[in-house]
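Q: Could you put the whole structure together from the sequences, leaning on the hints where they help?
Number of protein chains: 2
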Amino acid sequence: MAHQNPTQLETALCMLINVFEKYAKQEGKKDTLTKKEAKTLLEKELPGMKSLYDGDKLLESLDSDGDNEIDFKEFSVFVICLLCCAHNNFFLNEIK
Amino acid sequence: MAHQNPTQLETALCMLINVFEKYAKQEGKKDTLTKKEAKTLLEKELPGMKSLYDGDKLLESLDSDGDNEIDFKEFSVFVICLLCCAHNNFFLNEIK
Numbered sequence: 001m002a003h004q005n006p007t008q009l010e011t012a013l014c015m016l017i018n019v020f021e022k023y024a025k026q027e028g029k030k031d032t033l034t035k036k037e038a039k040t041l042l043e044k045e046l047p048g049m050k051s052l053y054d055g056d057k058l059l060e061s062l063d064s065d066g067d068n069e070i071d072f073k074e075f076s077v078f079v080i081c082l083l084c085c086a087h088n089n090f091f092l093n094e095i096k
Numbered sequence: 001m002a003h004q005n006p007t008q009l010e011t012a013l014c015m016l017i018n019v020f021e022k023y024a025k026q027e028g029k030k031d032t033l034t035k036k037e038a039k040t041l042l043e044k045e046l047p048g049m050k051s052l053y054d055g056d057k058l059l060e061s062l063d064s065d066g067d068n069e070i071d072f073k074e075f076s077v078f079v080i081c082l083l084c085c086a087h088n089n090f091f092l093n094e095i096k
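First to last, the sequence lines map onto chains Y and V. Position 37 of the first sequence, counted from 1, bears residue number 37 in full-length UniProt numbering, the numbering being contiguous throughout. Position 76 of the second sequence, counted from 1, bears residue number 76 in full-length UniProt numbering, the numbering being contiguous throughout.
Wrong hints could be hidden among the right ones.
Identical copies go unnamed one by one, so any copy, or any two together, can satisfy a pair.
[Claimed, not checked] Below, simulated DSS-like cross-link-like pairs (lysine-lysine); rule was C-alpha separation at most 27 Å, straight line:
1. Lys50 to Lys73
2. Lys73 to Lys57
3. Lys50 to Lys35
4. Lys39 to Lys29
Rather than coming from a laboratory, the hints here were simulated on the basis of the structure.
A: If you want it as structure tokens, here you go:
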């Protein structure tokens with residue numbers, strides 16, 4: 001990604017990394033999300049989904065290695081789930 | 001995502017969906033990428049990575065159900081791989 005004009009795909013990837021880094025650096029290790037940081041990320045970045053999930057249960061299921069922190073790989077799995085949900089809604093709205 | 005000011009995470013997700021839709025609608029089914037569409041996506045969206053992969057082999061490995069098309073789920077798996085690679089580079093550059 002060293003060239004001058006980032007493409008839409010490259011920009012989106014950088015934004016996702018920035019979101020993770022922004023919350024991960026708030027406390028504890030700077031490359032993982034503590035439960036508190038992950039909760040803040042969910043609240044600030046997905047305000048419209050607040051009523052749709054149980055924050056604690058969601059964080060527990062994301063923390064696949066059970067170390068009480070969400071690393072970037074675990075965050076990526078969450079992004080995929082969000083992406084597929086968003087795409088399904090997007091596509092369903094398109095063909096309605 | 002119905003509220004007025006999309007967050008950074010929401011914007012990134014929409015951009016990823018837009019990238020997929022942009023190339024998927026060029027020929028054949030509008031909700032999958034043909035090999036030709038996928039190749040164009042790779043060339044246009046990841047110009048800096050051209051020398052790093054064999055396009056045909058990459059597409060073959062992404063097409064996990066072997067139907068000669070890349071659906072959104074298969075594209076999402078690719079996005080995760082890109083995301084983890086990009087994050088590793090980003091983080092390694094940060095701590096250098």
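Q: Give a verdict on every hint.
A: Quick rundown of the hints versus the structure:
For a Cα distance limit of 27 Å, the shortest separation of Lys50 from Lys73 qualifies both inside one copy, at 23 Å, and across copies, at 25 Å. Taking the shortest Cα distances, Lys73 and Lys57 sit within 27 Å of each other both inside one copy (18 Å) and across copies (24 Å). For the identical chains of this complex, Lys50 and Lys35 are intra-copy neighbours only, at 16 Å inside a copy versus 39 Å across copies, given an alpha-carbon limit of 27 Å. Taking the closest pair of Cα atoms, Lys39 and Lys29 come within 27 Å of each other only inside a single copy of the chain (16 Å); across copies the shortest separation is 39 Å, beyond that limit.
This entry satisfies every hint, going by the numbered hints stated previously.
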